[in-house]
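Colleague: Combine both chains into one complex, guided by the hints.
In order, the protein sequence lines correspond to chains A and B.
The first sequence begins at 1 in my numbering and counts up one residue at a time.
The second sequence begins at 116 in my numbering and counts up one residue at a time.
Source of the hints: derived by calculation from the structure; they are not laboratory data.
There is no bait here: all hints are sound.
Capping the alpha-carbon separation at 20 Å, the derived lysine to aspartate or glutamate pairs in DMTMM-like fashion look like this: (1) B:Lys-118 <-> A:Glu-58; (2) A:Lys-41 <-> B:Glu-159; (3) B:Lys-216 <-> B:Glu-159; (4) A:Lys-44 <-> B:Glu-120; (5) A:Lys-36 <-> B:Glu-159; (6) A:Lys-40 <-> B:Glu-120; (7) A:Lys-52 <-> A:Asp-30.
What follows is a set of in silico ranges between Cβ atoms, one per label pair, in the way DEER data are often shown: (8) B:Glu-159 <-> A:Glu-53: 28 to 34 Å; (9) B:Asn-122 <-> A:Asp-38: 15 to 21 Å; (10) A:Asn-17 <-> B:Gly-155: 19 to 25 Å; (11) B:Thr-143 <-> A:Phe-42: 22 to 28 Å; (12) A:Lys-40 <-> B:Asp-197: 20 to 26 Å; (13) B:Pro-154 <-> A:Pro-69: 29 to 35 Å; (14) B:Ala-184 <-> A:Thr-59: 27 to 33 Å; (15) B:Asp-153 <-> A:Pro-69: 31 to 37 Å; (16) B:Phe-125 <-> A:Thr-59: 25 to 31 Å; (17) A:Asn-51 <-> B:His-221: 38 to 44 Å; (18) B:Ala-193 <-> A:Pro-69: 46 to 52 Å; (19) A:Asp-18 <-> B:Asp-209: 30 to 36 Å; (20) A:Glu-53 <-> B:Leu-223: 46 to 52 Å; (21) A:Ser-65 <-> B:Lys-132: 44 to 50 Å.
Positions of the beta carbon are idealized from the N, C-alpha and C atoms, including for glycine.
One letter stands for each residue in the lines below.
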Amino acid sequence: DTAVSQTPKYLVTQMGNDKSIKCEQNLGHDTMYWYKQDSKKFLKIMFSYNNKELIINETVPNRFSPKSPDKAHLNLHINSLELGDSAVYFCASNGWGTSDNYGYTFGSGTRLTVV
Amino acid sequence: ELKVEQNPLFLSMQEGKNYTIYCNYSTTSDRLYWYRQDPGKSLESLFVLLSNGAVKQEGRLMASLDTKARLSTLHITAAVHDLSATYFCAVDRDDKIIFGKGTRLHILP
Numbered sequence: 001d002t003a004v005s006q007t008p009k010y011l012v013t014q015m016g017n018d019k020s021i022k023c024e025q026n027l028g029h030d031t032m033y034w035y036k037q038d039s040k041k042f043l044k045i046m047f048s049y050n051n052k053e054l055i056i057n058e059t060v061p062n063r064f065s066p067k068s069p070d071k072a073h074l075n076l077h078i079n080s081l082e083l084g085d086s087a088v089y090f091c092a093s094n095g096w097g098t099s100d101n102y103g104y105t106f107g108s109g110t111r112l113t114v115v
Numbered sequence: 116e117l118k119v120e121q122n123p124l125f126l127s128m129q130e131g132k133n134y135t136i137y138c139n140y141s142t143t144s145d146r147l148y149w150y151r152q153d154p155g156k157s158l159e160s161l162f163v164l165l166s167n168g169a170v171k172q173e174g175r176l177m178a179s180l181d182t183k184a185r186l187s188t189l190h191i192t193a194a195v196h197d198l199s200a201t202y203f204c205a206v207d208r209d210d211k212i213i214f215g216k217g218t219r220l221h222i223l224p
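Just chain B, same shape as in the assembly (with noise of 0.2 Å):
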């Protein structure tokens, strides 16, 4: 059964600063997909990464992956306020994506 695992869970940053959000899983996928959640809204799609090696940047975020160690990561920069969401990973295979269960992160001012 795949499982996506996130950490942490919950991460509260000073603005300026940066860090990483991790996603592992447990068996070989097609996608890998990194989705933000703002609180009653739905899921917005940030990245979707094919391949090993595999990486992508918006603005100040970074994802990339490594598909033999089956890790994703989601790297921030110098964080501001607006970037406060809930961030979820998911995985793709035999046509569903299984989600991680999301990374509440909050940017203090």
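With the rest of the complex left out, here is chain A (with noise of 0.2 Å):
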């Protein structure tokens, strides 16, 4: 069973679409993240969510909203699509302060190429 999975695996569209990107956990984690790896490998953190409400917004532009309609998703909905958008956007979650001590679990990435 996949712990954390997103949804697409890969997703190649023109500029100025808009397109979402969906995660899903079967853990039990109360929070859950999305982070941006850039072609250069750099991951950096975009938003943060526990048991739905936000709790990190690392001043990502406006075009980027992501949803938690509960604890177990977390989608990430993309305005505008530009080419500094392409990336791979990993979703994780985080199992600290339950019986989960292994830390943040990551998902298998969406990478996202703009056109």
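Modeller: Set out below in structure tokens:
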């Protein structure tokens, strides 16, 4: 069973389009994240949600809007896509404070290419 | 602001050799992590270090933590080609993890 699953795995789209990436975790964790990995492999946090509530927003353009319908899901919607949005987006969840002592678990990533 | 610095960023080494990757961080932290990433893949958790003096080993990899020096090391013993990957350290603070820039390790047969 996949612990943190993201869809789609690949996304190719034109500039100006709107797209969404979905993430689900079945670990029972309370906290979920979106991270962006750029072409140089640098990983940077974008958002964090704890039990459906936004707790971290790292000065991400407001074209990016996360939504958490419940604590097991965290989706990312991106409006008016730009070339610079091309990256790999990773969803993660955090098990600290539960019986899970492995900390952060990452999804397999969504490779977004804007053309 | 918490900063995490890894060095070296690139490392090419021969099989059978030993080497160490260093991770320095700028402020106190709750936990330190090491991750491995293969090309096109996700991040695989290698080690979670929780306290000063913590040492963990898995196969040819050993990680240690010195919280007073704000330094963690990842030591590779008798490297094999299968260890070629990018290795990230990350530090946990305020319910988020901040990553170093990664060390791209290439082990030559």
